[in-house]
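Participant: So you can see what is in the structure, the chains are spelled out below.
There are 2 protein chains.
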Amino acid sequence: MTTLDDLLTPRSVALVGASDDPTRIGGRPLAFFKNLGYEGKIFPVNPNRDKVQGIDAYPSLADINDEIDFVLVAVPAKGVLDVMRQAIDKRAKTVMIFSSGFGEMSDEGQVMQDELSRLSRESGVRVIGPNCLGVFNSAINFYPTFTSTIERRQPNPGGLAIASQSGAYGSHIFYLADQRGIDMTYWITTGNECDVHVAEAIKLLAEKEDVHAICAYAESIKDGDMLVEGLEIARANRKPVVLMKVGRSAVGAEAASSHTASLAGDDKVYDAVLKQAGCYRANTTEEALDICYAARPRIYPAGRRIGLVTVSGGGGVLMADAAEDHGLDVAAMPADAQAIMKELVPFAAARNPVDVTAQFFNDMTLVPKFTKLMLEQGNYDALIGFWTSVAGSPRISPHLRAGLTEAMQGHDRKLFIQSLIAPPEICKEYEDDGFPCFEDPSRAVATMAALMHFGIAFDQGRAPTPDVPKLPALPDGGLGEKQAKAILADFGLPMVQDVLATTAQGAVAAAANDGGPVALKIASADILHKTEVGGVELGVSGDADVSASFERIMANAAKGAPNANIDGVIVSPMVADGIDCILGSKLDPVFGPIVMFGLGGIFTEIMGDVSLRRAPISEATALEMIDELKGRALFEGARGAKPIDKTMIAKAISQLSVFAAAHADTAESIEMNPLRVLDDRCIALDALIVKKGAEEH
Amino acid sequence: MTTLDDLLTPRSVALVGASDDPTRIGGRPLAFFKNLGYEGKIFPVNPNRDKVQGIDAYPSLADINDEIDFVLVAVPAKGVLDVMRQAIDKRAKTVMIFSSGFGEMSDEGQVMQDELSRLSRESGVRVIGPNCLGVFNSAINFYPTFTSTIERRQPNPGGLAIASQSGAYGSHIFYLADQRGIDMTYWITTGNECDVHVAEAIKLLAEKEDVHAICAYAESIKDGDMLVEGLEIARANRKPVVLMKVGRSAVGAEAASSHTASLAGDDKVYDAVLKQAGCYRANTTEEALDICYAARPRIYPAGRRIGLVTVSGGGGVLMADAAEDHGLDVAAMPADAQAIMKELVPFAAARNPVDVTAQFFNDMTLVPKFTKLMLEQGNYDALIGFWTSVAGSPRISPHLRAGLTEAMQGHDRKLFIQSLIAPPEICKEYEDDGFPCFEDPSRAVATMAALMHFGIAFDQGRAPTPDVPKLPALPDGGLGEKQAKAILADFGLPMVQDVLATTAQGAVAAAANDGGPVALKIASADILHKTEVGGVELGVSGDADVSASFERIMANAAKGAPNANIDGVIVSPMVADGIDCILGSKLDPVFGPIVMFGLGGIFTEIMGDVSLRRAPISEATALEMIDELKGRALFEGARGAKPIDKTMIAKAISQLSVFAAAHADTAESIEMNPLRVLDDRCIALDALIVKKGAEEH
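Residue numbers (the working numbering), protein chains in the order written: chain C, 38 to 734; chain Y, 38 to 734.
Looking at chain C on its own, in the form it has when it is part of the complex (with noise of 0.2 Å):
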């Protein structure tokens, strides 16, 4: 097994294509190795040369009489595999590549990168590129990288950790980082990724003790089970992972496809993927590094529940909206606690937001007394406090700390957020003192929420899942509505009850046996659109009507689909009125087979209204899957509608999610349309399983 440290603390270092002009790809890194500290053992290549920046230089990696751990390539694409074989035969723990020229160039490029990695994995020697912009470790001055980026920044080493696909966005990223004082130790980027992925950088760091965070940038996900991994070591380890990844949009997915030649996925199952791991998944630099900036005191508050202070009517106002976009519990203090503001401050608003007004700075005796009481009575997980510029004068600063910090001891797991404007001497004296400070109310309020996230994570831990029992496999070729409906019922799963009529007679009697009225249906694994060739009528009664039907349906289908094989009608009884749902699995091509679960028609595809979870899951997390949808309003007994018991619906999402995963082998999709939910038990009325590979008629 690969440790961080096998990748990034190499006790000696070969630069093959090493230059000496140090602005060149091939002399930047050396030049680093050089000046900043490095001190490992450091081995020049160029053939060319006997001294390169004026160390010892060799013909060849296989001319090197020594030990080499890490060997960063910066020669021409079609050099590249020669250097690999020959690091394989130096036994070289890593291969770094800076060329391009691989699978972002052309097909013959993609070739040469599927050489490499199966050099790599045959060898077991770790590749990091082709095409990547390097790496370091600040802890050991190790800076194998071109990006003139750390010509302008030296990071300090500290808790965050930088994985990144990208090479330009990677130091884009470090840069901000770096400017907002967050130290970090490892920074990563992965280019097109022959062997390490950004899921698999994700999961070593986590793996790294004196890693506390992790910011990541993804256009694509080599390996979805690997991220899942990694992510759920993260929370195990509670470190925060923030992800952005990127190709969101049809035209920013279309970028990204064309930038690292690699398939989009389904964006909305990332989304949900991630949240079901523990991930925070961040749209914006600026709100990932907020994030990460926050995190530094390693605080992660355990509830939702927000307690807000402010010095102006406005900032608290402001700060409440933000909560509540956010999905957070700006819940009233204790009318006994508020009355004992009132009594300090008889002009305060004592609800929450608790405006103290600008008597606060009249009186700094009032500050650890105010938010004390905020602490101790409103049972608040976290404060945000806004003090906008009054905060950060010389004057003010020193008395609002040292009341904040006194009404902060005992409440180690609680969060303190300061939204206040000051220059950064005084930001960092607060900071010091464990304050994450934020100019913007919003952006504070945003932040704490997403810590909120993790914090609540962490605590919950990995979701326990169901077993998956080895099924016996689907039967060859496709799958008609009456065979699906079948092996779904046979797993338990909510079916309706129907007979396969193959005569009008046939269709009668199963009629008459039902009692009621019926619905009549074309069989045949060849129409999926039944209704489209007129094979579907609904509420038939009475012996002729029902002939009379069955004799319609399949004149139609004879006409309508003239190359099918028809199988008869199906004949089920009519099911009362209810709310029509939508159940089903999709194999993804990133993360394996995903859940879904959302109301009829209309609200799936056209409002998106629709809740997705990798299988399998739990039916405590298919309850959190129909929470999840806005329309769940019609179960809660919206409209004058009885409330029914969700845990029915549950039961029946998650025993298709362990269906799904059982035959994630085989099984493309599985449709369960609509599951119609009534008061007292749900009933799938039609089914469908597209096998793998199948297309649809």
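Worth flagging that the hints you see were computed from the coordinates, not collected in a lab. Incorrect hints may appear among the rest.
Just so you know, same-sequence chains aren't split out, so a pair can sit in one copy or run between any two.
[Said to hold, decoys possible] Computed list of lysine to any residue pairs in SDA-like fashion (alpha-carbon distance at most 20 Å, straight line):
| id | residue 1 | residue 2 |
| --- | --- | --- |
| 1 | K679 | E642 |
| 2 | K379 | G146 |
| 3 | K88 | P59 |
| 4 | K667 | E642 |
| 5 | K379 | E141 |
| 6 | K379 | D144 |
| 7 | K379 | G138 |
| 8 | K379 | S143 |
| 9 | K409 | I377 |
| 10 | K729 | D702 |
| 11 | K623 | V647 |
| 12 | K127 | E104 |
| 13 | K679 | E569 |
| 14 | K451 | N416 |
| 15 | K667 | M685 |
| 16 | K667 | V647 |
| 17 | K728 | D513 |
| 18 | K507 | D702 |
| 19 | K667 | T641 |
Chain Y: place on chain C using the hints.
Facilitator: This is chain Y only, laid out in the frame that chain C set:
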């Protein structure tokens, strides 16, 4: 008519309650007048001193033997009315009141505040406050405010103006704006708004030539008509108004109303009306100031077509995602222009985002070549460039600026925002060349979207509205369904034809006349929820069934609503299936009649997918309303349906809006629900008019 000069450019100022202590409320403004260069006459009023801060003082306003334009009041609340009466006697133009203890405090305070309003109205003396933090006009160094913020930062005169109900938050905004280098001449805080309110401040600023952009903060709007008027004046003068209307959330609204003791109004109505008047509603201070900052070149792009150019593929993807989030059109470059780019830089991505790669910095002649191609051949309304920290280097930036400036020649209407990391002095050089700078590319995109909003709103101008005729008054008393339908049908709204039957025979006759199956509904102004009392039966046919249905409904109503006045039973034809919509109007406490359109019950009630506009509106505006709905897909042929001519719906919406506007004095709400939309027509199946002051039964 009051002008901004009347309020903010006085030739003389009296300060009642003047203090010798320059840190006190009555002392600080005097110190500002003295020390910051105000050149008008200054009259401190203090009965206990001959001089205040070295200036001759007067026992009262009456003792000043000179004209006084502006009276500043800093005495306790109980003395304020007296000062107001003296100011009226002295024919002051403006009285500004710092004092608190009015409506925000107690009922007694509200009585005093109402008296201030009355005195102002009757005398014509304008009042700012009470409970306000002051105003300023930096062009004449006039700082009648007690905020200590002025001691930390003194503004430079310039095109931005700020109007804020909240004093402390107004100071906060001013401080941040100044910190970002945005120059501003006018700053107004309105406090309790007993006379001058934020809406009027916006109007006065919009009228004033040296104001180029307005940033406003409000917790409530006192006069919706004046706000719309002010916004339309700003639009006509091509001045952006960025409004933070806070209290969006339930907790926020409650905090705001306890803060300013005013009604919140429906937040969705604010959203709709502000947009309708060309205003941009910002949710955060940062967003608001980003827009004010980027508005400095006063360039508002003509459309939403955006060109993105980047040196990092990642940055391009990120900007494309953000652009799609904000509804911008990331249109592709023409193929021939792409070919030219590929010739210049073979590795470049030439579609859009255009990724010029790091090659850009190696050959700076590429800068004007690429950006010129985008401006001239891409037909974009605006560009955003992502250059990360490289563009901030003193070596690179002069060349980059020169290249960008060269490309922009002849494109005066286009804006080019630069996303880069640079020290302030280098940023300023870009800004001086007309390029707003943003570190975060997503914020650059969001800001561009806002400027495009303004460009389009300015070009469109005020939307024409239909004339509102004088209509006969609505009948006295509550209106039943039958009456409501008749009145709306008379006005030309599409309404189902029905008959009021008072006997079973009458119902049978009406049904027979109609031919097909009918719906029967109880007719009573006292029963608004007909289904609940068993007052509705649908799809009834045949004489016997119609007769039985009539009797059943009458019996149910007699039992379920024994005190109701029953008119009979309405017999109406069943209308074919279609798309059920809701068309209605509601009287908003701030903005008057608001027309509302959405899809059937669940969409409107649960999904909140509904469009609103201030009535009356034209058919063109009504079409925009329809197109705003997510559910519009249903009209456009979603799920295999036939596309529907939306103009027939728009006609009904516009017509109802005119009706609502004509009855704004008496009709509290009007509802046509469902409005059933069929292939060739739309028709309301039910209607309701609730009059002002009527209670639901």
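Participant: Check each numbered hint from earlier against the structure, then list the numbers of those it violates in ascending order.
Facilitator: Violated hints: none; all satisfied.
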